[in-house]
Amino acid sequence: MRPILLFVFTMIVLLSAPGMNTVQARQKNIILATTTSTQDSGLLDVLLPIFEKKTGYFVKTIAVGSGQAMAMGQKGEADVLLVHSPEAEKKFIAEGYGINRRLVMHNDYIIVGPSGDPVKIKAVKFTLEAFKKIASEKGLFVSRGDNSGTHSKEREIWKAAGISPEGEKWYQQTGLGMGQTLNITAEKKGYTLADRGTYLALKKNLGLDILVEGDAILLNIYHVIEVNPAKWPKANTAGVKAFTDFMVSKETQAIIKTFGVEKFGSPLFFPDAGKKEEKLGK
Amino acid sequence: MMSDSTTILEARNIRVERGGTVLLNIPSLSIEEGEILALIGPNGAGKTTFLQTLSYLLKPFRGEIFFGGEKVETHVSVLEYRRKLAMVFQYPLLFDTTVFNNVASGLRIRGMKKKEIDDRVMENLKRFGIPHLSHRSAKTLSGGEAQRASLARAFAIQPEILLLDEPFASLDPPTRDSLIEDLERILSQTRTTAIFATHDRLEALNLSDRVAVMNNGMIQQIGSPEEVMNHPIDEFVASFVGVETILTGKVIRKHGGTFVASISGKEIEAVGEVYLDETVILCIRPENVTLSTQPRPEATSARNVFVGRILKIAPLGPYQKVHLDCGFPLVAYVTRHSVEELSLIEGNEVGASFKATGITVIRK
Amino acid sequence: MDLIFEGIKKAFWLLVTFDPEVFRITFLSLQVSGTATLVSLLIGVSTGTAIALSQFPGKRFMVSLVNTGMGLPPVVVGLFVTIFLWRNGPLGFLGILYTPTAMILAQAVIATPIVMGITLAAIQQLPKKLRLQILALGATRLQMVWILMKEAKLPLLAAVMAGFGGVISEVGASIMVGGNIKGYSRVLTTATVMETSRGNFEIAIALGIILLLLAFSINFIITQIQQRERTR
Chain G
0 MRPILLFVFT
10 MIVLLSAPGM
20 NTVQARQKNI
30 ILATTTSTQD
40 SGLLDVLLPI
50 FEKKTGYFVK
60 TIAVGSGQAM
70 AMGQKGEADV
80 LLVHSPEAEK
90 KFIAEGYGIN
100 RRLVMHNDYI
110 IVGPSGDPVK
120 IKAVKFTLEA
130 FKKIASEKGL
140 FVSRGDNSGT
150 HSKEREIWKA
160 AGISPEGEKW
170 YQQTGLGMGQ
180 TLNITAEKKG
190 YTLADRGTYL
200 ALKKNLGLDI
210 LVEGDAILLN
220 IYHVIEVNPA
230 KWPKANTAGV
240 KAFTDFMVSK
250 ETQAIIKTFG
260 VEKFGSPLFF
270 PDAGKKEEKL
280 GK
Chain A
0 MMSDSTTILE
10 ARNIRVERGG
20 TVLLNIPSLS
30 IEEGEILALI
40 GPNGAGKTTF
50 LQTLSYLLKP
60 FRGEIFFGGE
70 KVETHVSVLE
80 YRRKLAMVFQ
90 YPLLFDTTVF
100 NNVASGLRIR
110 GMKKKEIDDR
120 VMENLKRFGI
130 PHLSHRSAKT
140 LSGGEAQRAS
150 LARAFAIQPE
160 ILLLDEPFAS
170 LDPPTRDSLI
180 EDLERILSQT
190 RTTAIFATHD
200 RLEALNLSDR
210 VAVMNNGMIQ
220 QIGSPEEVMN
230 HPIDEFVASF
240 VGVETILTGK
250 VIRKHGGTFV
260 ASISGKEIEA
270 VGEVYLDETV
280 ILCIRPENVT
290 LSTQPRPEAT
300 SARNVFVGRI
310 LKIAPLGPYQ
320 KVHLDCGFPL
330 VAYVTRHSVE
340 ELSLIEGNEV
350 GASFKATGIT
360 VIRK
Chain Y
0 MDLIFEGIKK
10 AFWLLVTFDP
20 EVFRITFLSL
30 QVSGTATLVS
40 LLIGVSTGTA
50 IALSQFPGKR
60 FMVSLVNTGM
70 GLPPVVVGLF
80 VTIFLWRNGP
90 LGFLGILYTP
100 TAMILAQAVI
110 ATPIVMGITL
120 AAIQQLPKKL
130 RLQILALGAT
140 RLQMVWILMK
150 EAKLPLLAAV
160 MAGFGGVISE
170 VGASIMVGGN
180 IKGYSRVLTT
190 ATVMETSRGN
200 FEIAIALGII
210 LLLLAFSINF
220 IITQIQQRER
230 TR
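Protein chains in written order, with numbering that gives the first Met the number 0: chain G, 0 to 281; chain A, 0 to 363; chain Y, 0 to 231.
There may be inaccurate statements among the hints.
To be verified - The calculated SDA-like cross-link candidates involving lysine to any residue, where the alpha carbons are at most 20 Å apart (straight line), are:
no., chain 1, residue 1, chain 2, residue 2
1, Y, K127, A, Q89
2, G, K233, Y, P89
3, G, K203, Y, F4
4, G, K202, Y, F55
5, G, K240, G, K203
6, A, K354, A, P285
7, Y, K181, G, A122
8, A, K58, Y, F55
9, Y, K128, A, L170
10, G, K233, Y, G91
11, Y, K128, A, R200
12, G, K124, G, S135
13, G, K233, Y, I95
14, A, K320, A, R200
15, G, K89, G, L279
16, G, K74, Y, F200
17, G, K275, G, R100
18, G, K52, G, Q252
19, G, K202, Y, E5
20, A, K83, Y, K181
21, Y, K152, A, R135
22, A, K138, Y, I95
23, G, K27, G, G41
24, Y, K181, G, L43
What the hints assert, rightly or not - Sample of chain Y residues lacking proximity to chain G, with all beta carbon distances greater than 10 Å (derived):
no., residue
25, L2
26, W12
27, S45
28, L96
29, R130
30, L141
31, N179
32, T195
33, G198
As the list claims (entries may be wrong) - The following residues of chain Y were derived to be distant from chain G, with all beta-carbon distances above 10 Å:
no., residue
34, K8
35, F11
36, V15
37, I42
38, F55
39, N66
40, G68
These aren't lab readings, by the way, just hints derived from the structure by calculation.
Just so you know, even glycine gets a beta-carbon here, dropped at the ideal spot from N, CA and C.
Given these sequences and hints, build the entire structure.
Shown next, in the form of structure tokens:
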């Protein structure tokens, strides 16, 4: 029996170790539901420690698709959202689930595909035409299919192009995050719509090229939204206010501006605090 | 019922039923202090059920058990009572640890001090001749060694009553004999009261002061070994204690203490108080039958003399078992030597005789 | 292949330099899965023993339920634990969603049926008369259970290994209820998933290797104990 007692003893020692103070003061926690791209790009790893040090709040980042992030906000399971799905966001605000939607930054989407570019969309240059060409020549298109911001942007483009790709053989949905979807696209030598930040972060192992970029419709805009405290009294109102203020502050915006330059040679995001959404990309 | 002050255990109106079947029905049984009682009977007779009921291992049951005159459950708690008993099963059921720890287990359960445990364990290992096995793993013991360890474990707690459930049944004969010898010695040395179940009547005769023959959950007969062997009260007991010839007949004549019964036209004289025309059962033990080559051995004192044809001769331990047809079936035991001397051959005729006093009479 | 080699190099480097982030993640993995295993042992062993030793109508059904539970998909557990722990869920008042405590809870839910099932089988496989023998030696019911557990210690150690192995390598539930929060609820498995999707394959492989090493060393220790018990 001694070995089992030893095991129990070891576990008790382990458990009494510091770092397990899970019962953090409730009002010190903020649940941030955000898209995978902000976490996968590493931006939040830079910003959050600054915020936490400055304010003493603790941010719990739950990285999911924009769609799920808003679903969490709708149920009051998150305090604040950092998302990039403008159409859905507007609906979210209109239905009273969120308030104080503020523009934080943007980057852009790109259409990527194998270097060989089998259906030759690189020559087309315009997004809608490229999508139409992929559809008509049945080039393999890999979709996120997860209600994320990227996915809703992609659907928006298909709709604008007048195509409904669902159920087509050349159209495949992964249901996964951007990083994994890019990996799958690379393996299958297909096309996909990606945000530039994630693409740049993964580029070296992918073997996928940017084929279409710079089109106005490809703009990827990030907003911060406070979950309506009137609906969910459990939300951490003061913390949320501090966080949204932090995201649009001068200091933060300056960090966003230079984030990624060192590693990728170009910034991953462009700070936009205080600008008008309609004016972006023009 | 005995109201002797030395009664240690008394069972009253014990009844165990499962699914409408009566497994055990013991109206009354008393055990004297220091006595060794053998429960014998075929498999399924209820011996194990009785032992487990007596030790409160088998529940529920109806009835009452008194230990030293105090009613268990009412005046003595079941645990308290159980701690006065020890039980040894057919299989040693040792724990997966050393022999020492096994023998110590009952003492540790009782929270005894280490020093006392050490002494008590060594004492009992020596008693059973296995002190050299003390540090061996129980898994590595032979069957005999394991059963010795199991017995040492039982004796270590110095039980007031020891219950043994066919403790030798799974041992080979030489191992069994030496263990029985040791157990007999230790039981008498320690004057431990014991109840042990067996289906081997020789084992019972060897060890016990009293024998209880069980069948169908009931005690058919209880008494000293001689009493049960020589005066079985019914056919079942008779056949179980080793009576090979059991004959049913009618009393046709009687004078004084003897009578003559007719069995398939043959007349057999026996001793007993019976009525005329009464149906009786005559039990003849095979060792009481004498064979001789003279077809008419007038010179014998036996009243019952017959000529029989040898049907079969089969070896049985040191004896030969001879089946005869004397107009009724008869079985005799003879030595190997006699078989040669009398040149007994299957199919031949031979004279068979037995005394009237050697017949056990059972009245219907 | 290069990638795997790079990963092994990286793992080695992270280990020898005591990279604080990796160290914290590894330690948290151990803490969370260790506690979950401990909780599952307390519940699983006692309940498993109780089921094995008692007779009641529907026992067979109960046993097959436990055996099914041994293969409980972690994501399903993660989903239900999340729903229960939502602020507005039935256990929302606890306020433990996205904490290591929630991960312990989810992992304990995963490991408990595993431990329970193995315990049940281990106790049931002991000879029935052994129980009678223990009681006949004068044991109380509690003493009997304790002795039976000692008799079943080898399979019970296997239960520890299976339970711990099941949860330390589990990712679905941990990411759902823990949220993979940096420096707080990030464990080896969730970090591996994240680094993979970030394209940091070397680190992902390195974390995977550390996880393997961890699982291996724990199982190695327990196996050592088990073998020693066996040969004694």
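Against the structure, the hints:
1. Among the hinted pairs, Y/K127 with A/Q89 is consistent with the structure: their alpha-carbon atoms are about 13 Å apart, no more than 20 Å.
2. As the CA atoms of G/K233 and Y/P89 are separated by approximately 14 Å, the hinted pair is consistent with the 20 Å bound.
3. Taken as a hint, the G/K203 and Y/F4 pair is honoured in the structure, with Cα atoms around 17 Å apart against an allowance of 20 Å.
4. For the given pair, G/K202 sits about 62 Å from Y/F55 by alpha-carbon distance, which is inconsistent with the 20 Å threshold.
5. For the given pair, G/K240 sits about 38 Å from G/K203 by alpha-carbon distance, which is inconsistent with the 20 Å threshold.
6. Using a Cα cut-off of 20 Å, the hinted pair A/K354 and A/P285 holds, with the two alpha carbons roughly 12 Å apart.
7. Distance check on the hinted pair: Y/K181 and G/A122 sit about 43 Å apart at the alpha-carbon level, beyond 20 Å; violated.
8. At roughly 15 Å between alpha-carbon atoms, A/K58 and Y/F55 fall within 20 Å of each other, so this suggested pair holds.
9. For the hint pairing Y/K128 with A/L170, the CA-to-CA distance comes to about 18 Å; that is within 20 Å, so the pair holds.
10. For the suggested pair G/K233 and Y/G91, the alpha carbons sit about 10 Å apart, so the restraint of at most 20 Å is met.
11. For the hint pairing Y/K128 with A/R200, the CA-to-CA distance comes to about 25 Å; that exceeds 20 Å, so the pair is violated.
12. Between G/K124 and G/S135, the direct Cα distance comes to roughly 16 Å. Compliance with the 20 Å bound is thereby established for this hinted pair.
13. Restraint check for G/K233 and Y/I95: the C-alpha separation of about 14 Å stays at or below 20 Å, so the hint holds.
14. The straight-line distance between the Cα atoms of A/K320 and A/R200 is roughly 18 Å, inside the 20 Å bound, and the hint therefore holds.
15. Distance check on the hinted pair: G/K89 and G/L279 sit about 17 Å apart at the alpha-carbon level, within 20 Å; holds.
16. Distance hint between G/K74 and Y/F200 is unfulfilled; the C-alpha atoms sit about 35 Å from each other, more than 20 Å.
17. With a C-alpha separation of about 12 Å, the suggested pairing of G/K275 with G/R100 holds against the 20 Å cut-off.
18. Proximity of G/K52 to G/Q252 is assessed by CA-CA distance (about 17 Å); at most 20 Å being required, the pair is judged to hold.
19. For a cut-off of 20 Å, the pair hint linking G/K202 to Y/E5 stands: about 17 Å separates their Cα positions.
20. Taking the CA atoms of A/K83 and Y/K181, the gap is about 63 Å. The hint is violated against a cut of 20 Å.
21. At most 20 Å may separate the alpha-carbon atoms for a hinted pair to count; Y/K152 and A/R135 meet this at roughly 19 Å.
22. The straight-line distance between the Cα atoms of A/K138 and Y/I95 is roughly 49 Å, outside the 20 Å bound, and the hint therefore fails.
23. Distance restraint check for G/K27 and G/G41: the Cα-Cα separation of roughly 23 Å exceeds the 20 Å cut-off, and the hinted pair is therefore not satisfied.
24. Using a Cα cut-off of 20 Å, the hinted pair Y/K181 and G/L43 holds, with the two alpha carbons roughly 10 Å apart.
25. Its closest Cβ contact with chain G, about 8 Å, brings Y/L2 to no more than 10 Å, contrary to its assignment away from the interface.
26. Remark: the non-interface label on Y/W12 is consistent with the geometry, its nearest Cβ contact in chain G lying 19 Å away (cut-off 10 Å).
27. Distance check on Y/S45: its Cβ is at least 14 Å (rounded) from any Cβ of chain G, clearing the 10 Å threshold; non-interface status holds.
28. Its closest Cβ contact with chain G, about 8 Å, brings Y/L96 to no more than 10 Å, contrary to its assignment away from the interface.
29. With a minimum CB-CB distance of about 19 Å to chain G, Y/R130 clears the 10 Å threshold, and the non-interface call stands.
30. Against chain G, the non-interface label of Y/L141 holds: every CB pair exceeds 10 Å, the least being about 15 Å.
31. The non-interface label for Y/N179 is inconsistent with chain G: the shortest C-beta to C-beta separation is roughly 7 Å, within 10 Å.
32. Taking the minimum C-beta to C-beta distance to chain G, about 7 Å, the non-interface status of Y/T195 is violated against the 10 Å cut.
33. Y/G198, annotated as away from the interface, has a beta carbon of chain G within 10 Å; the closest lies near 3 Å.
34. Look at Y/K8: its CB is around 16 Å from the nearest CB on chain G, clear of 10 Å, so calling it non-interface holds up.
35. Non-interface status of Y/F11 relative to chain G is upheld: no Cβ of that chain comes within 10 Å, the nearest being about 21 Å off.
36. For Y/V15, the shortest C-beta to C-beta distance to chain G comes to about 22 Å, beyond the 10 Å cut-off, and the non-interface label holds.
37. Every Cβ of chain G is farther than 10 Å from the Cβ of Y/I42; the closest lies at roughly 14 Å, confirming the non-interface assignment.
38. Every CB of chain G lies more than 10 Å from the CB of Y/F55, the least distance being 28 Å, so the non-interface label holds.
39. Look at Y/N66: its CB is around 24 Å from the nearest CB on chain G, clear of 10 Å, so calling it non-interface holds up.
40. The claim that Y/G68 is not at the interface with chain G holds, since no C-beta of that chain comes within 10 Å of its own (minimum 23 Å).
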